Amino acid sequence: MERPRHQGMAKNTYMRWRLPLVCLLWEVAMIVLFGVFVHFSPEADAHWEEEKREMNLTSDIENDFYFRYPSFQDVHVMIFVGFGFLMTFLKRYGFGAVGFNFLLAAFGIQWALLMQGWFHSFKSGKILIGVENLINADFCVGSVCIAFGAILGKTSPIQLLVLTLFQVTLFAVNEYILLNLLHVKDAGGSMTIHTFGAYFGLTVTRILYRPNLEQSKDKQGSVYHSDLFAMIGTLYLWMYWPSFNSAISEHGDAQHRAAINTYCSLAACVLTTVAFSSMLQKKGKLDMVHIQNATLAGGVAVGTSAEMMLTPYGSLIVGFICGIVSTVGYVYLTPFLESRLHIQDTCGIHNLHAMPGLIGGIVGAITAAAATEDVYGKEGFIKAFDFTGAYQTRTPSVQGGFQAAGIVVSLLMAFAGGALVG
Amino acid sequence: MERPRHQGMAKNTYMRWRLPLVCLLWEVAMIVLFGVFVHFSPEADAHWEEEKREMNLTSDIENDFYFRYPSFQDVHVMIFVGFGFLMTFLKRYGFGAVGFNFLLAAFGIQWALLMQGWFHSFKSGKILIGVENLINADFCVGSVCIAFGAILGKTSPIQLLVLTLFQVTLFAVNEYILLNLLHVKDAGGSMTIHTFGAYFGLTVTRILYRPNLEQSKDKQGSVYHSDLFAMIGTLYLWMYWPSFNSAISEHGDAQHRAAINTYCSLAACVLTTVAFSSMLQKKGKLDMVHIQNATLAGGVAVGTSAEMMLTPYGSLIVGFICGIVSTVGYVYLTPFLESRLHIQDTCGIHNLHAMPGLIGGIVGAITAAAATEDVYGKEGFIKAFDFTGAYQTRTPSVQGGFQAAGIVVSLLMAFAGGALVG
Amino acid sequence: MERPRHQGMAKNTYMRWRLPLVCLLWEVAMIVLFGVFVHFSPEADAHWEEEKREMNLTSDIENDFYFRYPSFQDVHVMIFVGFGFLMTFLKRYGFGAVGFNFLLAAFGIQWALLMQGWFHSFKSGKILIGVENLINADFCVGSVCIAFGAILGKTSPIQLLVLTLFQVTLFAVNEYILLNLLHVKDAGGSMTIHTFGAYFGLTVTRILYRPNLEQSKDKQGSVYHSDLFAMIGTLYLWMYWPSFNSAISEHGDAQHRAAINTYCSLAACVLTTVAFSSMLQKKGKLDMVHIQNATLAGGVAVGTSAEMMLTPYGSLIVGFICGIVSTVGYVYLTPFLESRLHIQDTCGIHNLHAMPGLIGGIVGAITAAAATEDVYGKEGFIKAFDFTGAYQTRTPSVQGGFQAAGIVVSLLMAFAGGALVG
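Protein chains in written order, with this note's numbering: chain A, 1 to 422; chain B, 1 to 422; chain C, 1 to 422.
Honestly, the hints are just simulated from the structure, not real lab data. As the structure is a prediction and not an experimental result, all values here were calculated from the model. Hints may be right or wrong, so weigh each one.
Pairs involving identical chains hold if they fit within one copy or between any two copies, as the list cannot separate such chains.
[Stated by the list, open to error] Below 25 Å or equal to it, Euclidean Cα-Cα: the simulated BS3-like pairs (lysine-lysine) are:
# : residue 1 : residue 2
1 : Lys285    : Lys378
2 : Lys123    : Lys378
3 : Lys123    : Lys52
4 : Lys123    : Lys285
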């Protein structure tokens, strides 16, 4: 770094050789593995013309690319600009947050394409990738960005990369258990992305506890523009969250519905965040940290249920509750976690991702358990929960139970994985 | 606020209880009303599979979601990042502008979904919402963001919320009169959004006149980065305006045409803004405020006509004129309005929205009146102006007359409404 | 400018009349030429209903607008926000970079619509424009933004506009030779946009050599936030590059494939950039300039081949190499070019666009030469390289030869054109 006083990137002299070596070796490994395993999915392959005939598609517009590419780009912005800039609200880590987020995400998406590919897109010895795989890789890395928010300022770049490697691997395993073994729905990732990512990060930061960290944080002077940069992150996450929750839902009504539910939940969440931030602060002032973070909890909390028939009214209620829970968490829970449990949650991800993620999992389980053929229509019911093949006899209440089991599995994986890696 | 010296949010001790109460009660009211009234539109409902069969649609891609979602996201960015950051060019209000814009927009879209829903999407006791309703709610709130530009720094958060409540209500009434009663076309909202929003805000700021405001403004020191933050707002508004004007146009050629016309108008507007800014300033320097604002007037001014056969050449002419009008307005009219009419137009919305909005209404009326079956084709003519049912005998010149009437109605509603609320 | 100390816009008193005159006369010329030549393409014209029947299209969604508009908006953001903010890493030129980039791009797209229209969309005396023309105009102006990066700080606004005028003209000629006469594929513009634009700019800056420029640059103080603003530019270019390379590819699999290949190449490029930046700096620190620039080289270098069957694995290799080449270029080549060849490459475009562009051309030639019917499928092969009509007997190796010829032509045009204009 030319201007080392400005960022938190470690200035370890070791780094001179270790970081380059890790990056280069890793990338060579990626090239070899991609060479052996990764092919284009039929919709991205030049044989598409023949494929189209076989699938009786009449137009190029029915390529999955046109269903998902706009959402993919929005998700891409959330991962790289959203998460990166959100963390600039910590003055000291401004550039480091954006730069390291960039590095770990670029590093992680390649491994995620492979790991998720082996579990979900593996066909006769090849991983077939299309736009949905790119979205899923971004999602997986999103979970790493969340965990990064808890340990920001505590680790060297190398440690971050190793952490990314492990977390992506565990993410893929957990996702496989939930989506394939338990046949759970979680399109917006309340459980797989937020709950898992946040508790993984919190476990790691607990293990890396450094008693003197807090003091050095207090010394930082206030830099006004940090708040505006952080708002860029906040707003891009907030605005594009409907794309996040709808990106990999079924074509048609499910994507449409997921976007509407998320839009409603986020709007409600802003109001209760402002209300409680103002109520809990001295003299009724608003705390910028709440506005920058808690307003997003509504998006996290409808991650599982947004594609279901949650209804706009139900979404408002979820957003209403999460704005409150998240803001109260910033005021009371974060100091408690730090002083009593020695969990230094740098960005407050427990309030933004962990608790809303849990709520999202529970709301998803309830919404699934409450589903009826009357509300969904006969075909819509089967389509929404994919009650086909081995699952055609599953009832809504059983589905609700499996959804709840998904929460527990995600939590266990996060604690065990975080402890192992930490 | 932790750093009160940096923003304009009022630090009223009253606020401690009033702001939270207003936010919470309002949100509870929203939940109740959404519970009673709001359902998904058929395209977002799980019954879509059956609906598809009834409508003879062969593919999920024909869901309105895929026609409008990318434009919706662009409009969403314009409302939250565009309008929010544009106002940071006023150094004193940097964070307050972005934060309050966020609050009032999140507050307003919920009420807009209801108000516009009752007028436009009400079916057997239910408001049916889909992606088009989300766009319209964003549009409605855009009109509030415009008005906010005039009164920035003069009101408390509570007053802003009350203002939003009234303006959204009046917006929906005005929109209903124009689109339904007068059968006027205004897809990009030159009249309904810009003219109405701007004159509403100007009327309110006239009533809230505070003689000493100007002085305190002069005291502000210069903060260089404000200009770069403001350019983020400017550029996102400028780049995404083609989406704004095409977002709710008819599927197919109308959306396509609206984007092209807006692109052309905006490009021309930049050149005449630079020309007149340089010409009217001492020593030929460019004024940043002009670059940040007047370059956008070209988008406002083709709001009504962009989806019509305005032609790229006509669009260039409109952009050409509006860059000049808007820049001249900043140099001569804003000081005049302030000193003589006691209208303190903080962000100069009279130049960016009011005048270009009026021009847009007039251009729309002329373009409609000049329409011929030769230019549009027989079917295209009927489709473009929706001359069906009760309107199948309406002629272009009569349509032009009604378009002109729409301008007058919008102005009257803005003045009356602004006076009432102020 | 009100705050002249903050930007690099020239404060020539001459400018007072010359800049306005140039802008106004130019815009009037544009209006006249658009009036004579430019019409809507059938897909943007109100006659579309009839057109649809003739083309046997069953749905409005098959309008080219829906295939390309989301990519167009991403490209638009890259040109105006991406290139503009990227250049703010030079502290002294912060606002000037963004503002002038805005001016020259708005100026250039109008002329590009005409020049490219005459060459590619001219039909019975009219230029027919649709969304693809808007993308191409943005691409053409992108090449000017690249050249602008080399001469930033050396020219007055008027000179910039004249330069834009000439470069757009030459760009269109070069593009016509490559795409039409040589029948070369270059959807992402490695040759037409990057190689041509960069060598054009470098030739111009060589001719405008000013010995004392470097010193004044050294005097600039460090401004921390510049790095965060520059990262906004970097990230938007990086994130949206898949849209850039796929925006004008054939509908369906080609667009899909181009996005995937670009995504892979860019991810790999980040890792090798970090590795070499860390390795070549004293004490292993990372240089922000590398992170902000060299990470993008992977997108440039798959510009030609992304829509071909490059495979994800091939894309990783290209990104791997380009991260290294570009970073090494910043460390060793830029100082060498300046001291020995008197080429003052302000933003280092030789490393970001010139060399990766050349590599991209070569990779494209090799990928084309290596194409087989086995890999592409019989129909896919013909569709991918458009081996129809006069070209139906062209073989892959001949195509490879023509691709290579395209590189040479682009280089010659850039040198000759740059020398002429400089």
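Quick rundown of the hints versus the structure:
In the homo-oligomer, the alpha carbons of Lys285 and Lys378 never lie at most 25 Å apart, since the shortest distance is 51 Å inside one protomer and 61 Å across protomers. With identical chains, the CA atoms of Lys123 and Lys378 are at most 25 Å apart between copies only, with a shortest distance of 23 Å across copies and 32 Å within one. In this homomeric assembly, Lys123 and Lys52 come within 25 Å of each other (Cα to Cα) only inside a single copy, at 19 Å, whereas the closest approach across copies is 32 Å. Taking the shortest Cα distances, Lys123 and Lys285 never come within 25 Å of each other, neither inside one copy (57 Å) nor across copies (43 Å).
Checked against the numbered hints above, the structure breaks hints 1 and 4 and satisfies the rest.
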